[in-house]
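A.B. asks: We have chain A; now place chains Y and V onto it with these hints.
Here are the chains, one letter per residue:
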Amino acid sequence: MVDPNSVNPVFESPITSTNSGSAGTSIGTSADQAALTLADESSLTKTLIRAEPRTKAERQLDVVFGASRLVDGVVISGQRPSEWLVIGEANDVSTFVDRIDREGHVSLVDHTHSRAMMRLTGLDASRVLEKVCSLDWSSEMTPNGAVVSASVAKVGCDIVRNDTFRHGSALASSAPTEVIPPSYWIACDRSFAQYLFDAILDAGQEFGLLPA
Amino acid sequence: MLLVPCPHCGPRNASDLSYKGESHARPDPNSATAEEWRSYLYMEDNPAGWLRETWYCRSGCRRFFVLERDTATNEFRNPPVPGAKLGGKA
Amino acid sequence: MSGEFKPSRLGPQSGEVIDRSATIRFTWDSKVMTGFAGDTIASALMANGVRIVSRSMKYHRPRGYMTADYWDPNGFVQVGDDPNVRSGHRLLEPGMTIDPQNVWPSLDHDVKAANGFVGRFLTAGFYYKTFIRPQRLWPAFEKVLSTFAPGGTVDLDTPHRLHDKRYAHPDVVVAGGGPAGMAAAIAAAEAGARVMLVEHEHHLGGHLLWGSDEDRALAAKMRDAADVAGVEILTDSTVTGRYEDNWVSIVQRNHPLAVERLIKARATSLVVAPGLIERPYVFAGNDKPGVMLSGAVRRMINMYAVKPGSRAVVLTANADGDAAVADLRDVGVEVARVVDARAGENVASANGPGRTVESVTLGDGTSIDCDLLVTAVGWTAPTSLLNMAADRPVYDATAARFFPGGPIDTVLSTGGLTGDGTVEQLVEHGRATGRLAAERSAVAKHRIQAHTARAAPVSGDEPAWPHDLRAALGRDPHPELFRSTTHGIVDFSEDVSSKDLVGAAAEGFDSVELLKRFTTATMGPSQGKLETVNTVAVLAEARGETIEEVGTTVWRPPYAPITLGALAGRIFEPVRVSSIQPWHEANGAVDILAGAWKRPEHYGDPAAEVMNTRTNVGIIDVTPLGKLDLQGPDVPKLLSQLYTNKWMQLPVGSVRYGIMCAEDGVVLDDGVTARLGDEHYLMTTTSSGAATIWEWAENWLQTEHPEWQVHVTPVTTGLCSINIAGPNSRTLLGRLCPDIDLDPDAFPYMHVRTGTVAGVDDCIAWRIGFTGELSYEIHVPSGYGLHVWNALLDAGADLGIKPFGLEAQRIMRLEKGHFIVGQDTDGLTKAPSTGLAPLIKLDKDDFAGKAELGWALDEFASAESKAPRLVAIQPTDPTVVPHEASQIVRAGTNEILGRITSSRMSPTLGRSICLGQVAIDAAAPGTMLTIVLADGTRTTAEVMARHAHFDPEGERLRG
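Heads up: the sequence lines are chains A, Y and V, in that order.
Sequential numbering of the first sequence, starting at 1, is according to the working numbering.
Sequential numbering of the second sequence, starting at 1, is according to the working numbering.
Sequential numbering of the third sequence, starting at 1, is according to the working numbering.
The shape of chain A in the complex, shown without the other chains:
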């Protein structure tokens, strides 16, 4: 018998099937070429930070509710009043989180396993979202960097729009004439992840959405 304690556990994404949607009507044949993609990014490290107003931690985070920013390789998302989600690679997140001042009423919860994440990218991304969510996805109402919580295909989700930056680094600046496609991080409770992934893929079929 193999000693189970000697086995190195490997993180498993809740999205186990990325092609369960029916065949897309896209012109592109593979996700590489597809202009509109849905990617599983569940394995990213996510730490939830709560800090009451006027704590040092709040000043360190320096992101208001509804906004996000990239700092030291992690994305800080102001997803509720006095509540932030820090997203990135494990080392970057832990480095950042370790620096957070814990004075006052400040708490941390590791959300890596609680929240699944997918990324929807492409010029038609907001048209896909219009089919599964009742919010206004125009750039005036939901600009690059915006953070909002809403029901997506009847699942409560936290959404970050970040066309020009990802965890790790800002995207290489595109040629000024090139249109940067919108890109959305959609985080949901892990248990809903496969359902939501399939539901978004299905809704995006008419625009040629493909799993990445």
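No lab work stands behind these hints, which were simulated from the structure alone.
For every residue, glycine included, the Cβ atom is placed at its ideal position computed from N, Cα and C.
No incorrect hints appear here.
These stretches of chain Y come out as covered by chain A in the derived footprint (C-beta under 8 Å, 3 or more residues): (1) 4-13; (2) 59-70.
Restricting the straight-line Cα-Cα distance to at most 30 Å, the calculated cross-link-like pairs of lysine-lysine (DSSO-like) are: (3) A:K154 with Y:K85; (4) A:K154 with V:K264; (5) V:K866 with V:K841; (6) V:K844 with Y:K85; (7) Y:K85 with V:K646; (8) V:K844 with V:K646.
C.D. replies: Same frame as chain A, but now just chains Y and V:
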């Protein structure tokens, strides 16, 4: 569908929130008479006009808050004194 | 003159919308016919000489096309498996099988028409008079109704067809694509607004389409301009409703991928521009095939190149009637007589011994042979969307129609609805309306954007609210023409005549809302578009009052009927699974849907799963168990507030059970909470209560006690939860937990430890006993859940490990007498009824439900208590398992004493066991109960002394 002006998120569809009913102060459970307590549990003023209500922004910011609404026109306004009362009885 | 004339296809017309190069074959009533692409079913049938398309609802009178558009009350047909298709609107498609409906045995020889019984039975108000009583006749009523009620055939095997849904946030929605609507859309888009232009018909243009060549050229020019301006154009789509804050529902019928698509649009401004709907005239024989409205005749000639008759009489009161005369003459139809209503001339009846019009009798008694009678007697203003915005239309006798009542800030109207004018004047009014809508939308959007947390910052102050400076359209005088000297049909789809209305008014149903409901006039598929004003006019005449005095009915959603498919739209049914679900599915699990959770009910044999767990060791995936991470110095205060028992002194490393009650004292949830660290706790709730209890906790923290420092975070699926139960569970877990001391003295019952399980750090393990066995519940980070599950199976192979499902767990908990909130309790069960009165600590300062529970405990202790008791019950016959919800009655009577709330065959005890709620006088141990079984027979059962049927002392779980 009604747009509810969440003080944190901004206007949201009413289906994004849950309505917690009229905003009444909770009586002291140690001194309230049965009549007072049950009036708190079950009785509503239900006016045709301005009403203080507790809402919970369930799909959005997950905050409880009080708004005043004219039940005849569905116009909203911020209450003079903010601060939500316990919404719903469970 | 007879009805033998065959209407036929004309030579090419300058405004035709048909494509003569694309011939389409179809069948009508089993006869093969041809039409052209662009034809509606109606135009194709008329071009093929079909004059009778249906039989009327009640009297089965032959009917032909009257308006030949969406609203035609006579044009409902069956297309393949699709019933009630509006043939005046639906486009012809190759291979369509089109059949008449509501006929038997055939369209030409309908038996029901000859059956006088039908007419007598289905008089006005018959629903009310006939169906009130006696109740025992209902089956007979139903039979009569199903035979005679109209409608096509529903094919239950019809394949599923995709219906879709989307949301939209246009700045301006324009409902109606005639000249004014198009102009409004263009002007709004040019002013920078995002515009959605929705046209009910297949083409933009409205009445320009059947007007002059100049009219059509203008329509084409405006279509292009709308495109260039970036207007989103939806044709064959209907704005079906306007709700609070301009929430607008649109049904799109011509989407390439879906049969229909429902669009839920939040329009900052709404422009209502539906135009006008031509009104039928009420006179004897007005429903005979061959009586048509002027608009129908002009559409048929100009858009579809169909000759509607050979010899016509035209009753005209306006320019449109005059234009119909010209159109008819242009295509060679003999106009035998123009009856000018403006000169006081009138039509008294349309006659013919046959099924179609053969002659017309004028008001002065003159009779004229003809096969077509065209009427042009005025308009109905379809103010529906304005009504839905609380507008109340006002009647203007001079113009003989209703007009919008008053201005609404973000709901503007334009076009024929608001007044009359030349095409240029309508376009100008439309443009002004579009500009105003865009300006107001910009102000409203500025306000919304400024108040929305996530939105881009707005620049500058909010602009001033733009005033309505539009020049109003004029109102052309028009004679008031509703009913002739004779009686005729008012509501063609419901077969209600003016005589029925007069009779109903005489019976006392003389308010318009009552009359409508009593006679069903205006309640058919035309939704009052053709019938409302005539109904009001007939009632006004009967009451000897004016139309203003009678008033009109309120138009509510929908503007046009909506299919159930469109309402269902794209259906979202979320399903939740744990990380271990792939293993369950690969290993023969039979799933059960518990709320949104899909989880194993069993793996083939739940009784064997019970026995294995009691004998060896079993594992169950209990991930759906609600879990809340609680942090902060004031967690004990929150726990004390939520639970009925005490929490201020829970030591680190301990687990405690508690029940929660609502403010009315009713049991809300139960579960255990562990103290993991000084200011760190993990609460578990029932699976179904997880969301409720999170919200309940936030409710207390945010409203009553904002001064408490507690952070509540749901971690239900962040932690994959596995219960390890059975005599071998300690041995098994010991093999995988190098850093947790499992010795019973070091890790006793109701305690918690954290450590490593199967190489996974940060796992939580606690000893509890829902199954009644020695058991550990472990919570591991979900990304490693499947790994730990597999590790347990590997490590326990020699210990007899087997997975068990929800059913085995339910059996074992019932053997132990543990109740399940919501199963053994209900919406009236206060905490004392569960037998857990000792957990209600009234000496605490406060907790949810305290006041009610104080009174409940007093009441519970009194001899007159009406509160039910939860008790364990064992049927006398151990093989009888009364189904859950079986009634418990007093022996020999039907007096209900309670009910069985849970029941199972216990594999451990080899007998049936139950929990049940019973009245106080039947709750004493040893009481013999009578249970009514599903088949009505009765059996006896005994009330047990304790809830636990098995191991009542709990020796196994404390081992």
